[in-house]
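**Student:** Sequence:
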Amino acid sequence: MSLDLANLLQTAIQRRNQYNYEHQVEVSSEEGLRVDYVALSVSLAHLADLMGWFKLGQAKAAVSSEELLKAYIDVIDHTFQVAARQTWSHLIVMKPDDLERLEQKRPAKSLSQQYLAISHFLDQSYFDRQQLAFQHAWHLILKLGLVDLGFAEAQIEKSYLKKEA
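Residue numbers for the sequence shown follow my numbering, so the first one is 6 and each next one is one higher.
A few of these clues could be false.
[What the hints assert, rightly or not] Straight-line distance between alpha carbons at most 30 Å, and here's what the computed DSS-like set of lysine-lysine pairs gives:
#1 75 - 110
#2 163 - 75
#3 100 - 75
#4 148 - 65
#5 168 - 100
#6 168 - 110
#7 60 - 148
#8 114 - 65
#9 100 - 148
#10 100 - 114
#11 163 - 114
#12 75 - 114
#13 163 - 100
#14 100 - 60
#15 100 - 65
#16 100 - 167
#17 60 - 168
#18 75 - 167
#19 60 - 75
#20 168 - 75
#21 148 - 167
#22 65 - 167
#23 100 - 110
#24 163 - 65
I should point out that these hints are in silico values taken from the structure, not numbers from a laboratory. Remember, predicted model here, so these are calculated numbers, not experimental data.
Could you put together the complete structure from these sequences and hints?
**Tutor:** In structure tokens, the structure reads:
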């Protein structure tokens, strides 16, 4: 089974539209974009905090794989929201061969480097409106889940579709 990114993206958009309608959320498109980027940044930081690789000399709290998966799902959900708001949905969808190549990559030598790279690319995509930077960040986010955290495509898809708005 290949991860159906187009379906997950469409689900994210529908969930947001439904939530905004039910709660009468109204923000300008630019403020909505800023909010989406902040939410993505915060969710990525939360995932990093749970993973805890950077907490040198500190006791690490026990974190279940379910907690990590839930935090990772939040990251990809916020990534989808940014892509939709920027009208960069085409950057989310990947061919099965490209996804397979991504899964064959080695785990990151430095999760700190990977985290900083994702953050940098996201900043570039926001401040400079660089689609390519967003695409790089997205691929690193996917790799983080599939390779570094070791989640299966089916596990990600099932968990995402079960997620509540």
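**Student:** None of the hints should be skipped; say for each whether it holds.
**Tutor:** These are the hints, each one checked on the structure:
{"no.": "1", "hint": "75 - 110", "in the structure": "holds, 23 Å"}
{"no.": "2", "hint": "163 - 75", "in the structure": "holds, 11 Å"}
{"no.": "3", "hint": "100 - 75", "in the structure": "holds, 25 Å"}
{"no.": "4", "hint": "148 - 65", "in the structure": "holds, 23 Å"}
{"no.": "5", "hint": "168 - 100", "in the structure": "holds, 24 Å"}
{"no.": "6", "hint": "168 - 110", "in the structure": "holds, 28 Å"}
{"no.": "7", "hint": "60 - 148", "in the structure": "holds, 22 Å"}
{"no.": "8", "hint": "114 - 65", "in the structure": "holds, 20 Å"}
{"no.": "9", "hint": "100 - 148", "in the structure": "holds, 15 Å"}
{"no.": "10", "hint": "100 - 114", "in the structure": "holds, 26 Å"}
{"no.": "11", "hint": "163 - 114", "in the structure": "holds, 29 Å"}
{"no.": "12", "hint": "75 - 114", "in the structure": "holds, 24 Å"}
{"no.": "13", "hint": "163 - 100", "in the structure": "holds, 19 Å"}
{"no.": "14", "hint": "100 - 60", "in the structure": "violated, 36 Å"}
{"no.": "15", "hint": "100 - 65", "in the structure": "violated, 38 Å"}
{"no.": "16", "hint": "100 - 167", "in the structure": "holds, 24 Å"}
{"no.": "17", "hint": "60 - 168", "in the structure": "holds, 29 Å"}
{"no.": "18", "hint": "75 - 167", "in the structure": "holds, 10 Å"}
{"no.": "19", "hint": "60 - 75", "in the structure": "holds, 21 Å"}
{"no.": "20", "hint": "168 - 75", "in the structure": "holds, 8 Å"}
{"no.": "21", "hint": "148 - 167", "in the structure": "holds, 21 Å"}
{"no.": "22", "hint": "65 - 167", "in the structure": "holds, 29 Å"}
{"no.": "23", "hint": "100 - 110", "in the structure": "holds, 16 Å"}
{"no.": "24", "hint": "163 - 65", "in the structure": "holds, 28 Å"}
When the structure is compared with the earlier hints, violations turn up for hints 14, 15 and for no others.
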